[in-house]
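Participant: The chain contents come next:
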Amino acid sequence: MATHRMRMGDGRVEHVSSEGLRADILAGTEDAADRGGIPTITEQERDHLFDLFAYPGRIVGVEAGREVVLSDDGVAGSLYTEQGDSGVGVPVSREQAIRLFERAFGFDTIELGHADYSFKPVKPVVANEQQCMESVLLATIIPVFYGAMPNLATYARPDGPFGNPSDLMPLGKIDEARVAQMEAAGACTRDMVYVGRKMAEAGADGLDFDTTASAGDAEFLATLLAIEELSANTHLSIQVGMAAEFVLGMHGEVSYRGERLAGLYPHKQVKLVEQAGASVFGPVVNTNTRMSTAWNVARAVTFVKACSEVATIPIHANVGMGVGGVPMCETPPVDAVTRASAAMVEIGRVDGL
Amino acid sequence: MGVGDPVGMPMAHVLASGMGGIRTAGDLVARMQLHRKMRIPEAKAFVAEKLGVGVADLSDEVLMREVREDLDIGVVTAMPGAARGLAAKARIARLLGIEIASVEILRRKLEGD
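The listed protein sequences derive, respectively, from chains A and B.
This note's numbering applies: residue 1 is where the first sequence begins, and numbers increase by one.
This note's numbering applies: residue 354 is where the second sequence begins, and numbers increase by one.
Since the hints were derived computationally from the structure, they do not count as laboratory data.
A virtual CB, placed ideally from N, CA and C, is assigned to each residue, including glycine.
Any given hint might turn out to be false.
Each pair of labels, with its calculated beta carbon distance range [said to hold, decoys possible]:
id : chain 1 : residue 1 : chain 2 : residue 2 : range
1  : B       : VAL415    : A       : ALA104    : 17 to 23 Å
2  : A       : SER166    : B       : THR430    : 50 to 56 Å
3  : B       : GLY465    : A       : ARG157    : 45 to 51 Å
4  : A       : ALA104    : B       : GLU457    : 25 to 31 Å
Chain A extracted, bound-state conformation (with noise of 0.2 Å):
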């Protein structure tokens, strides 16, 4: 009987038969579909991915003429940074490290990024962020991107000044904990529309919100709301990834529009997204570290292909350490990248990743 080398969720290696990686396959969508209320991949998609991860090769790759757009969350981060971002150590500049991106590694697009990846802590330093971008623009022909996190967790006692919902929850005080989510997404919202003006006073092609709704539904709020200012008063592109793969109910009566945002799956929270006016979305899916790559990948691309028919911007999928099929550990595996990326192409129909 034919084994094939499978990578698991936490990056191990395995050995699964061949209908061994069809059930997963076919469980894998089918947990996405139940999930989220979605259509699973179809038979063809199925069999499109069966023979990914059956093809002996080392990586694989999308056909030739279907490549697609790459942006990042601080990529350029990875070669200066230390383990904490999986960043290698090397001591290179921000600016030196983009410029490498650029031109050594073909990068699309490019984002600058502070150590410290949130716009609070950003903001009393955002002159030195701004002559960095200004630095960088004068050299770089690709697109650039400021980006950092809404991260409204570090609004919270004891790093800010509003209430911690998580210690409020706990003893009952629901109500206090949803007055002070609301506080602390306004303060946010401030932030991020500050930081995103000196952005575009800086020359700035786009801003990045990344991990978005990491503390819940509110910072999902603050994070549209702060969208809706940039978009509609400076000239940024705006992308909007993910935390997760869908909307934590911290709040839990959060609306936008009219719609809840808790428990959106991504082909939801992509309609909002354009409705605030971002230009591209990166929906997020989580990856079960138990479960094979095969498993994962075919969850994700279901979860990821209907996001991406419903949508009327570009979708580039997040297929970073531990979402969109890829596992979680420290050295991502590049034949299980290599899938991941091919896959979200192919059947999540993605317009960049």
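Following the hints, complete the assembly by docking chain B onto the known chain A.
Facilitator: Coordinates of chain B only, in the frame set by chain A:
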């Protein structure tokens, strides 16, 4: 994209699915996605028409190297005299019929606004 070490993440995606940046026409297609919210088929068709090439040619490194040099919109190799940085972007803005913010800032500085 996402987090990962340079070989395991960005390099893997570049080789598997990426357009190739200024090695090809990746930056130009990206600009149409960002500036006009075009999805990939529309963005590729728009850029191909502007460059006078076929859609499938946009990610052909050999052909696009010549096209970019002929149009002087920036080439990946370090060629003396070729447009770089803002100069290349100014030419790209004119070619694609878009406004690029950093180019507009330079233009305003030159015009004394």
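Participant: Hints broken by the structure, by number, lowest first?
Facilitator: The structure breaks none of the hints.
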